[in-house]
Amino acid sequence: MKRVLTIVSLCAALTAPSGHAASFTVGVEANDYMPISKGEGGNYSGYARDVLDAFAAKYGHTFSYKPYPVNRLFDEFAVQKSLDFKFPDNPYWAGDAKKGLSITYSKGVVAVTEGLLVLPTNKGKLSSVSKIATLRGFTPFPYLDQIKSKKVAVTEVNAAEAAIKLGEAGRVDGVYLGTLAANYIMAETLKQPGVLVFDPALPNSTNDFSLSTLSHPEVIKQLDEFLAKEKDLIGKLKAKYKIVE
Numbered sequence: 001m002k003r004v005l006t007i008v009s010l011c012a013a014l015t016a017p018s019g020h021a022a023s024f025t026v027g028v029e030a031n032d033y034m035p036i037s038k039g040e041g042g043n044y045s046g047y048a049r050d051v052l053d054a055f056a057a058k059y060g061h062t063f064s065y066k067p068y069p070v071n072r073l074f075d076e077f078a079v080q081k082s083l084d085f086k087f088p089d090n091p092y093w094a095g096d097a098k099k100g101l102s103i104t105y106s107k108g109v110v111a112v113t114e115g116l117l118v119l120p121t122n123k124g125k126l127s128s129v130s131k132i133a134t135l136r137g138f139t140p141f142p143y144l145d146q147i148k149s150k151k152v153a154v155t156e157v158n159a160a161e162a163a164i165k166l167g168e169a170g171r172v173d174g175v176y177l178g179t180l181a182a183n184y185i186m187a188e189t190l191k192q193p194g195v196l197v198f199d200p201a202l203p204n205s206t207n208d209f210s211l212s213t214l215s216h217p218e219v220i221k222q223l224d225e226f227l228a229k230e231k232d233l234i235g236k237l238k239a240k241y242k243i244v245e
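Residue numbers for the sequence shown follow this note's numbering, beginning at 1 and rising by one.
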C-alpha cells in the first residue's frame, strides 16, 4: 500500500517546546512555483507551507498566509510593514530597496538553482542571449548588468507556464526560472516534460529561499533550530515533493 505522508502525522510526532506561542501573518508569493509553493485564490500550498506549518505546530505558533504578487509582497512587507514575515526572501534580493531596514533571515528552507532554460537543440550552443522571459517581479541576477545596459531584453509574464511557452515557441532565447519549479510545471502542469532544459553552461545562481522578518528575530532563531534538529522530517517532506537540491 502506498504510504501517504501528511503534515498532520508529521506534526503529531513532534513535541512542542516551551516558549511564547503567537499568531503571525506570513506574506507569500501569489504564483505557481510548485513543488516549492503555490499561492492562488487566497490559498497557499506546497513544500514551503508544509515546512512552515510543521515548525509552527512544534513551537505552538499559528501562521496565516497572505499571497501577493511579487512586487506588492515586497511593498506590504518592507514599506507598509503589514506582515510579520515574508517568504521567500534572500539578503541579495532588492538590495537597494532594503537599505536602512533591519531584516533578519532564516537559514535556507530550500536551495534553488535559477538560470536559463532553453530548447533542447540549443543546450550548450548559446554563447550569448539577447531575449529572456521570466516571472513578473523576478530579477535575473546573473544578467543584471546586461539588462541595465540594454544588451538583454526581458519579457515579464504572470505565470511560469506562460514563460515556458514563450521559450518553446522560440520567441525568447531562454526562460529564467528555478529549475525545481520549471521541471515540475513542464511535467505536471503542461504535461510536456523536457520541452525546455536547464543549460548549466549559461550564467546561473543557487540561492536560499528563507523566511524573513523585520520584528520577530526570536522566531527566526526558533526556525533555524527547527531546521537543524528536524533533518529527518525535512528529508521526508523533500521526498514527498520530489525535491533534490
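Because the hints were derived from the structure by calculation, they are not lab data. The C-beta atom is built at its ideal place from N, Cα and C for all residues, glycine as well. You may find that some hints are simply not true.
[As the list claims (entries may be wrong)] Computed cross-link-like contacts, DSBU-like style, restricted to lysine-lysine with a CA-CA straight-line distance of at most 30 Å:
(1) K242 <-> K221
(2) K242 <-> K123
(3) K151 <-> K131
(4) K131 <-> K98
[Claimed, not checked] Here are the simulated distance ranges between beta carbons:
(5) S45 <-> Q80: 41 to 47 Å
(6) N158 <-> S82: 39 to 45 Å
(7) A94 <-> A21: 28 to 34 Å
(8) K221 <-> L126: 21 to 27 Å
(9) K240 <-> G100: 18 to 24 Å
(10) S45 <-> P193: 34 to 40 Å
(11) K221 <-> G194: 40 to 46 Å
Hint check results:
no. : hint                      : result
1   : K242 <-> K221             : 27 Å, holds
2   : K242 <-> K123             : 24 Å, holds
3   : K151 <-> K131             : 9 Å, holds
4   : K131 <-> K98              : 28 Å, holds
5   : S45 <-> Q80: 41 to 47 Å   : 25 Å, violated
6   : N158 <-> S82: 39 to 45 Å  : 23 Å, violated
7   : A94 <-> A21: 28 to 34 Å   : 31 Å, holds
8   : K221 <-> L126: 21 to 27 Å : 44 Å, violated
9   : K240 <-> G100: 18 to 24 Å : 40 Å, violated
10  : S45 <-> P193: 34 to 40 Å  : 22 Å, violated
11  : K221 <-> G194: 40 to 46 Å : 42 Å, holds
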